[in-house]
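Participant: Please model the entire structure based on the sequences and the hints provided.
From first to last, the protein sequence lines stand for chains U and D. Here the first sequence is numbered in the working numbering, starting from 1 and rising by one per residue. Here the second sequence is numbered in the working numbering, starting from 1 and rising by one per residue.
Errors might be hidden in some of the hints.
Reference listing, derived: stretches of chain D covered by chain U, where coverage requires no fewer than 3 residues with Cβ under 8 Å from a Cβ of chain U [to be verified]:
| hint | stretch |
| --- | --- |
| 1 | 89–100 |
| 2 | 125–139 |
Dumping the calculated SDA-like pairs for lysine to any residue here, alpha-carbon to alpha-carbon at most 20 Å [to be verified]:
| hint | chain 1 | residue 1 | chain 2 | residue 2 |
| --- | --- | --- | --- | --- |
| 3 | D | Lys-238 | D | Ser-256 |
| 4 | U | Lys-287 | D | Lys-103 |
| 5 | D | Lys-103 | U | Met-203 |
Worth flagging that the hints you see were computed from the coordinates, not collected in a lab. For glycine and all other residues, C-beta sits at the position ideal for the given N, C-alpha and C.
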Amino acid sequence: MTEQADPNTQTRKKGIFSFLMKARATRPGETYGVPGQGDTLWLSVLSILGIIFVWWLFTFMGWVKPLFLPAPQAVLNKFLQVWNEGFTNTPFLEHVGISAARVFGAFLLACLVGIPLGIAMGMSPLVRGLFDPPLEFYRPIPPLAYLPLMIIWFGIGESSKVLLIFLSVLAPVTLGARSGVKSAAIEQIHAAYSFGASRWQVMRHVILPSALPEILTAMRIGIGFGWTTLVAAEMVAATKGLGYMVLSASQFLQTSTVIMGIIVIAVIAYGFDMLMRFVERRIVPWKGRM
Amino acid sequence: MGLEIRDASVIYPTADGRPPVEALRQINLEIVDDDFVVALGASGCGKSTLLSLIAGFLSPSSGAILLDGEPVQGPGADRAVVFQKHALMPWLNVLDNVAFGLKLQGVPAARRYETARGFIRLLGLTDFEGARVYNLSGGMQQRVGIARALTCDPKVLLMDEPLGALDALTREKAQELILNIWHSTHKSVFFITHSVEEALFMGTKLIVMSPRPGRIAHRFDLPFSRQFLAGTPARQVKASRAFIDLREEVLEIIFSDEESAI
Ligand SMILES: Nc1ncnc2c1ncn2[C@@H]1O[C@H](COP(=O)(O)OP(=O)(O)O)[C@@H](O)[C@H]1O
Ligand SMILES: [Mg+2]
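Facilitator: Put into structure tokens, the structure is as follows:
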């Protein structure tokens, strides 16, 4: 009796590497052994506050010069100043609007082209055979590498900018739609055929709806690529836009504007991603459930 | 009139030089009137292949499949299939899933919902009309699948281990439900299972299949489902002397197959 240790007094080994040890029994309401289970909201808030604090500390203590890293409040002040006075004689919201128009316009075009193309590639060996090589060829090339070609071919106007973003979004959206075609279970397809469905009906009523979750995920990934390419697209002969703002501020070593622009781009992209996740939950609530 | 399988054989070609698989050899079978034909056998003896032939997903390497005297050319609404799982549409609610076949056939909404509601009632799903199918239990999902198959008024109902994924209790309930529906709708049924007890209880005709090559090794005529439908409780039917004796006989056949395979 006395030999046995009371389990409640045993020390719990806890630490950042505790997740590598053998897992203990979970609390009711959780499932034992699910990887990465648990709520992360507070940790995320903590992480953001922590980064801002460290940033503030470094600038406050004078460990880095403001030229390299301005203080958080300097960036905030810059934001308010640009908000009120604009940047290079253009109102702030116009910069935002023009960049958003470029990214979302290119995104919309890429979806209009990429989703049908991807579905066609998934459905037809003919289309897949024809379009797979060009797509796979250009996909791994960084947009900066073919930017000069875009300029030579399409000039320095709006079309080369939108086209560059379009191309960076097109590949992930197309590939997502293409693999989404394989989501339908063979039983679902057979069930439809056994009701006398035509191939077109099977595509419309079985294959498309089951591809929807993967298409939406591909769109989320695609728009991410779009924002990534924005700055590259606005490197050339742009006079407006967030990417232009960041690039031209960097030439005048206005670091606070650079950081402010980066944060604005990140916030818009993140906000849109949240919107997409919301849409996802609304229109494909069955995702991963059957 | 009904379904007739004449000398049907299926040989699957295999890749990388292995010999082709003779999944079915010289199958002869009739499914007529209100026959409830059960196919029983270990995995790999060609039960699903036989169902694919009847459904029209697969054409035989030789022989013929005739429906009311006409060769089967492909899948059609006169042969509805109930699958073991994964066959419902999660983006549709129960009502729309049940009405799915009618929708594909172009039946106008009002009429297809009326028909669907009738079968939803028959399968005891009325309270779940608007439910998402992925929120239903396995047993209820199978009921949705059966209701959907019945809406198009098929001549033959094809079921590939429809109760295989259910727990024992739900399974017995579902067996009784399917028998009652078969009795009230007068359909021919082709039903696959690898539970001996289920096979004996459900069928009017039993074919026991053997593997390599897949063939029908034994045929039995069964009285038990009629006893149940005449009012004898299911457990009592399954506990009767005749049932137990036949069960042991069939198990003997299946085990001897398994041993010769090892
Ligand atoms: N598409 C296929 N290609 C090649 N071999 C197959 C295919 N489908 C089934 N088989 C083989 O045919 C035999 C019968 O399979 P199946 O009809 O699925 O048996 P069961 O449903 O009785 O388990 C098995 O040996 C299986 O490996
Ligand atoms: Mg099978």
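Participant: Determine which of the earlier numbered hints do not hold for this structure and return their numbers in increasing order.
Facilitator: 3 and 4
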